[in-house]
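Participant: Turn these sequences into a full structure, and let the hints guide you.
Protein chains: 2
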Amino acid sequence: MYNEKFSKDVSSFFRSPVREIFKRVDLNAIYSFAGGYPSADTFPLEDIKQTVAEVIDKYQGKAFQYGATQGVMELREAVARRYGVPVERVQITSSSQQGIDVCTRVLVDPGDVVLTSSPSYLGALQSFCSYRADIRGVAHKDDLNEYRQAYIKTLDQVRAEGKQVKFLYMIPDFQNPSGESLTLEERQMLVGLAEEYDFLIVEDSPYRELRYEGEHIPTMYSLSPDRVIHLGSFSKIFAPGFRLGWAIAHPEILDKIYVCKQSLDLCPPIMDQYVAAEFLESGRLDANLAKSIELYKGKRDLLLGLLEEYMPAGVRWTHPQGGLFLFLTLPEGFDAVKFYDTALDAGVAYVAGEFFHPDGSGKNTMRLNFSFMTKERITEGVKLLSKILP
Amino acid sequence: MYNEKFSKDVSSFFRSPVREIFKRVDLNAIYSFAGGYPSADTFPLEDIKQTVAEVIDKYQGKAFQYGATQGVMELREAVARRYGVPVERVQITSSSQQGIDVCTRVLVDPGDVVLTSSPSYLGALQSFCSYRADIRGVAHKDDLNEYRQAYIKTLDQVRAEGKQVKFLYMIPDFQNPSGESLTLEERQMLVGLAEEYDFLIVEDSPYRELRYEGEHIPTMYSLSPDRVIHLGSFSKIFAPGFRLGWAIAHPEILDKIYVCKQSLDLCPPIMDQYVAAEFLESGRLDANLAKSIELYKGKRDLLLGLLEEYMPAGVRWTHPQGGLFLFLTLPEGFDAVKFYDTALDAGVAYVAGEFFHPDGSGKNTMRLNFSFMTKERITEGVKLLSKILP
Numbered sequence: 175m176y177n178e179k180f181s182k183d184v185s186s187f188f189r190s191p192v193r194e195i196f197k198r199v200d201l202n203a204i205y206s207f208a209g210g211y212p213s214a215d216t217f218p219l220e221d222i223k224q225t226v227a228e229v230i231d232k233y234q235g236k237a238f239q240y241g242a243t244q245g246v247m248e249l250r251e252a253v254a255r256r257y258g259v260p261v262e263r264v265q266i267t268s269s270s271q272q273g274i275d276v277c278t279r280v281l282v283d284p285g286d287v288v289l290t291s292s293p294s295y296l297g298a299l300q301s302f303c304s305y306r307a308d309i310r311g312v313a314h315k316d317d318l319n320e321y322r323q324a325y326i327k328t329l330d331q332v333r334a335e336g337k338q339v340k341f342l343y344m345i346p347d348f349q350n351p352s353g354e355s356l357t358l359e360e361r362q363m364l365v366g367l368a369e370e371y372d373f374l375i376v377e378d379s380p381y382r383e384l385r386y387e388g389e390h391i392p393t394m395y396s397l398s399p400d401r402v403i404h405l406g407s408f409s410k411i412f413a414p415g416f417r418l419g420w421a422i423a424h425p426e427i428l429d430k431i432y433v434c435k436q437s438l439d440l441c442p443p444i445m446d447q448y449v450a451a452e453f454l455e456s457g458r459l460d461a462n463l464a465k466s467i468e469l470y471k472g473k474r475d476l477l478l479g480l481l482e483e484y485m486p487a488g489v490r491w492t493h494p495q496g497g498l499f500l501f502l503t504l505p506e507g508f509d510a511v512k513f514y515d516t517a518l519d520a521g522v523a524y525v526a527g528e529f530f531h532p533d534g535s536g537k538n539t540m541r542l543n544f545s546f547m548t549k550e551r552i553t554e555g556v557k558l559l560s561k562i563l564p
Numbered sequence: 175m176y177n178e179k180f181s182k183d184v185s186s187f188f189r190s191p192v193r194e195i196f197k198r199v200d201l202n203a204i205y206s207f208a209g210g211y212p213s214a215d216t217f218p219l220e221d222i223k224q225t226v227a228e229v230i231d232k233y234q235g236k237a238f239q240y241g242a243t244q245g246v247m248e249l250r251e252a253v254a255r256r257y258g259v260p261v262e263r264v265q266i267t268s269s270s271q272q273g274i275d276v277c278t279r280v281l282v283d284p285g286d287v288v289l290t291s292s293p294s295y296l297g298a299l300q301s302f303c304s305y306r307a308d309i310r311g312v313a314h315k316d317d318l319n320e321y322r323q324a325y326i327k328t329l330d331q332v333r334a335e336g337k338q339v340k341f342l343y344m345i346p347d348f349q350n351p352s353g354e355s356l357t358l359e360e361r362q363m364l365v366g367l368a369e370e371y372d373f374l375i376v377e378d379s380p381y382r383e384l385r386y387e388g389e390h391i392p393t394m395y396s397l398s399p400d401r402v403i404h405l406g407s408f409s410k411i412f413a414p415g416f417r418l419g420w421a422i423a424h425p426e427i428l429d430k431i432y433v434c435k436q437s438l439d440l441c442p443p444i445m446d447q448y449v450a451a452e453f454l455e456s457g458r459l460d461a462n463l464a465k466s467i468e469l470y471k472g473k474r475d476l477l478l479g480l481l482e483e484y485m486p487a488g489v490r491w492t493h494p495q496g497g498l499f500l501f502l503t504l505p506e507g508f509d510a511v512k513f514y515d516t517a518l519d520a521g522v523a524y525v526a527g528e529f530f531h532p533d534g535s536g537k538n539t540m541r542l543n544f545s546f547m548t549k550e551r552i553t554e555g556v557k558l559l560s561k562i563l564p
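Those protein sequences? They're chains A and B, same order as listed. Going by my numbering, the residue at position 92 of the first sequence is 266; the numbering climbs one at a time, nothing skipped. Going by my numbering, the residue at position 236 of the second sequence is 410; the numbering climbs one at a time, nothing skipped.
Worth flagging that the hints you see were computed from the coordinates, not collected in a lab. Just so you know, even glycine gets a beta-carbon here, dropped at the ideal spot from N, CA and C. Among the clues, some could well be false.
[As the list claims (entries may be wrong)] Far from chain B by the CB rule (all over 10 Å, computed), these chain A residues:
1. ASP215
2. GLN234
3. ALA237
4. ARG279
5. LYS337
6. GLU360
7. TYR371
8. GLU455
[Stated by the list, open to error] With a Cα cut of at most 16 Å, we get these calculated EDC-like pairs of lysine to aspartate or glutamate:
9. A/LYS471 - A/ASP372
10. A/LYS223 - B/ASP215
11. B/LYS236 - A/GLU228
12. A/LYS223 - B/ASP221
13. B/LYS236 - A/GLU483
14. A/LYS232 - B/ASP200
15. A/LYS337 - A/GLU389
16. A/LYS236 - B/ASP200
17. A/LYS236 - B/ASP231
18. B/LYS223 - A/GLU220
19. A/LYS223 - B/ASP231
20. B/LYS232 - A/ASP200
21. A/LYS236 - B/GLU228
22. B/LYS236 - A/ASP215
23. A/LYS223 - B/GLU228
24. B/LYS223 - A/ASP221
25. B/LYS223 - A/ASP231
26. B/LYS223 - A/ASP372
[What the hints assert, rightly or not] For each label pair, taking beta carbons as the anchor points, the in silico distance ranges come out as:
27. B/ASP460 - A/SER396: 46 to 56 Å
28. B/LEU469 - A/ASP533: 51 to 61 Å
29. B/LEU219 - A/ALA464: 31 to 41 Å
30. B/ALA227 - A/GLU455: 20 to 30 Å
31. B/PRO425 - A/LEU318: 30 to 40 Å
32. B/ASP519 - A/ALA334: 37 to 47 Å
Facilitator: Dropping the structure here:
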């Protein structure tokens, strides 16, 4: 009989509260600001159907055979062209979540330090935990020098402990969960610290192309291509169901990821990669992306207006220039985890901000997604949430 | 600048010689008995095109959204029905390679012992190595009692060292690389030892449905459903490009895999899962499988006949009743790794048997695949290989 003794110590693994919510409730039956789901309205169903047929006619059996561990050349080349990098620096991943996981797998020994922003993406924290990384979160400061000092304090502390910082994990564009972006100066400062203290940066960038206002800011990768591993995703610009992303990095790092992926899953799904490549190269992806941006911008504006109108006094929120989320800060003493059952009973879901904080702080915060629901449901959801908040 | 110091000690990772071959040569330009590729002739291209269109019409946006970490319910149910197990015991994996990897990830701490047959599947050995498992291979013996004693010797040795056997990894049907199967009595004996010495069994079963003669033998899972994790794959019965497989196991084990998969890749590709489910439920998979079996049986028979006719004296080989491989044993002193460059230069590829032996033995063996090439190329390939062998 199976019993616990067979298992390794998995206390370092932790469950995603988002996924646990999805186990409990039907997302379509409640007003869900939880999750990071794109709107299904953005999926170009007829175009995909057409493209699959074209891909099968063009590639025949090759579309269903095993393929290269690095990804099919057509998709690697399409990604390389789009982002202006050499193709030998592109590895296709089976989801950008896998990109995070393999980076951790090839870089982190138990006890190694991973620096993150605080708050940061829950799925990344989960992955770091599962490799028993020592996660140190640094909160954002509006003043650049104060922000730099906060990092230096942590870095010096780590050095004093005789530990090694393997990498800084950062989502510089429309961060999950806060929706906020790093300025160019902040990116330069962090890359400078990486050089000074000699660590790598994992730049996770799934939302970068979903910008609703303002100018694009250079990627951290472009500031230091040999020190930054850039992770991208088709999930928010095409469709998450394909589970495809990419890593752009120094070829020596990609070579380690290549060996790791051999024993992980051999290669990403083949037909799906050809479909993504055709979508990119034909311009269909950009045409579809323009529609998504218009849709999401409208939803963001709506949500900002509704919060202004309905939220109780003392509640603050971020004003993201892109992405899928904004972050709510409630009065001190509010506990978003404890409040969760009340909210679900009333029919509204969010993700408690505490889960995004490596040190368990942020109890009075919550993440709201504005991409998934229709405008009508966003409106009803905000009214409902405002009414039940204390 | 990136340098080695950022990396964890990846000496425990090793490269797949098969994949390295694929990097070096174009498989279609040589006579390739390497790899474990199905024949592209078995991929039902028009049926897949049709099924994708049906899936998109039926599921709409749901086919491209994020999905359940356990896999979509339709596919879990189809697998459960096909193999006669409760649906709560089915987890869909993003390739059966991932099944092996997640089992190791949730069960093995560095230094834990994994028992395997010797030889055994290279991709599994790679995965065990990457988790720093202590792999102990046990060679097959034709006499049941001798075979049992070989395991007992290893188990007692491990016990004497104060180490823990976490699981036995076994491919009981048409094993990779040997093509041989375990008898019912051997399966019962191994399950009995698992109970006596208290370890789990990971039963890897990608070739089980490709039987060309003889009767199906009960799975090890059916002999001990709470102690055996059964891994299956769509790669050999449908198409490997989908990268879909399944794990059937005790719900407590699946729950650990579920948490692990959350941080690994969130969920398997969605549309691909619906396509596989439709293929299974509509009977198209079985119709296609019958054709594959007919094709591969013919190729196996051809290869056996050709070896008989052309191989130099002193070469022996296995007679698989199914699967994709047979295993060649050359005279003592022959080194299949050293011979490899000679073979590639002549235009023929195989996988050296040494790579499948955890202890580095089997230097005079090689694995031959008979599914990938056409009958004409198999014929030319055997003639060529026979001619260059010493």
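Participant: None of the hints should be skipped; say for each whether it holds.
Facilitator: Each hint tested on the structure:
The Cβ of A/ASP215 sits about 7 Å from the closest Cβ of chain B, inside the 10 Å cut-off, so the non-interface label is violated. For A/GLN234, the condition that its CB be more than 10 Å from all CB atoms of chain B is violated, with the nearest at approximately 6 Å. Taking the minimum C-beta to C-beta distance to chain B, about 6 Å, the non-interface status of A/ALA237 is violated against the 10 Å cut. Its beta-carbon lying about 8 Å from the closest one in chain B, A/ARG279 breaks the requirement of being farther than 10 Å from that chain.
Its beta-carbon lying about 14 Å from the closest one in chain B, A/LYS337 satisfies the requirement of being farther than 10 Å from that chain. Every Cβ of chain B is farther than 10 Å from the Cβ of A/GLU360; the closest lies at roughly 22 Å, confirming the non-interface assignment. Taking the minimum C-beta to C-beta distance to chain B, about 12 Å, the non-interface status of A/TYR371 holds against the 10 Å cut. The Cβ of A/GLU455 sits about 19 Å from the closest Cβ of chain B, beyond the 10 Å cut-off, so the non-interface label holds.
Straight-line distance between C-alpha atoms of A/LYS471 and A/ASP372 comes to about 39 Å, which puts the hinted pair past the 16 Å bound. Pair hint A/LYS223 plus B/ASP215 does not hold up; C-alpha atoms about 23 Å apart against a cutoff of 16 Å. Annotation: proposed proximity of B/LYS236 to A/GLU228 is violated, straight-line Cα distance about 22 Å (limit 16 Å). For the hint pairing A/LYS223 with B/ASP221, the CA-to-CA distance comes to about 14 Å; that is within 16 Å, so the pair holds.
Note on B/LYS236 and A/GLU483: the hinted pairing is violated, with a Cα-Cα distance of about 33 Å set against a maximum of 16 Å. Proposed proximity of A/LYS232 and B/ASP200 is contradicted: the alpha carbons are some 19 Å apart, above 16 Å. Proximity of A/LYS337 to A/GLU389 is assessed by CA-CA distance (about 38 Å); at most 16 Å being required, the pair is judged violated. Simply put, A/LYS236 and B/ASP200 have alpha-carbon atoms about 13 Å apart, close enough for the 16 Å limit, and the pair holds.
Distance check on the hinted pair: A/LYS236 and B/ASP231 sit about 25 Å apart at the alpha-carbon level, beyond 16 Å; violated. Restraint check for B/LYS223 and A/GLU220: the C-alpha separation of about 13 Å stays at or below 16 Å, so the hint holds. Under the criterion of a C-alpha separation no larger than 16 Å, the hint pairing A/LYS223 with B/ASP231 is consistent with the structure, at around 9 Å. For the given pair, B/LYS232 sits about 20 Å from A/ASP200 by alpha-carbon distance, which is inconsistent with the 16 Å threshold.
Only pairs whose Cα atoms come within 16 Å are accepted, and A/LYS236 paired with B/GLU228 is rejected, the gap being roughly 22 Å. A distance of roughly 10 Å separates the Cα atoms of B/LYS236 and A/ASP215; the hinted pair therefore holds under the 16 Å criterion. A threshold of 16 Å between alpha carbons decides the hint, and for A/LYS223 with B/GLU228 the separation of about 9 Å falls inside it, so the pair holds. For the hint linking B/LYS223 to A/ASP221, the alpha-carbon distance of about 14 Å falls within 16 Å, and the restraint holds.
For the proposed pair B/LYS223 and A/ASP231, the alpha carbon gap of about 9 Å is at most 16 Å, so the pair holds. Restraint check for B/LYS223 and A/ASP372: the C-alpha separation of about 51 Å exceeds 16 Å, so the hint is violated. The supplied range of 46 to 56 Å is met by B/ASP460 and A/SER396, whose beta-carbon atoms lie about 52 Å from each other. Between B/LEU469 and A/ASP533 the beta carbon distance is about 59 Å. The supplied range of 51 to 61 Å therefore holds.
Separation of B/LEU219 from A/ALA464 is about 33 Å and conforms to the stated range, judged on CB atoms against 31 to 41 Å. In this structure the supplied range 20 to 30 Å holds for B/ALA227 paired with A/GLU455, their Cβ-Cβ distance being about 22 Å. For B/PRO425 and A/LEU318, the hinted distance range of 30 to 40 Å is not satisfied, since their beta carbons lie about 51 Å from each other. Distance hint for B/ASP519 and A/ALA334: a CB-CB separation of about 58 Å, inconsistent with the stated range 37 to 47 Å.
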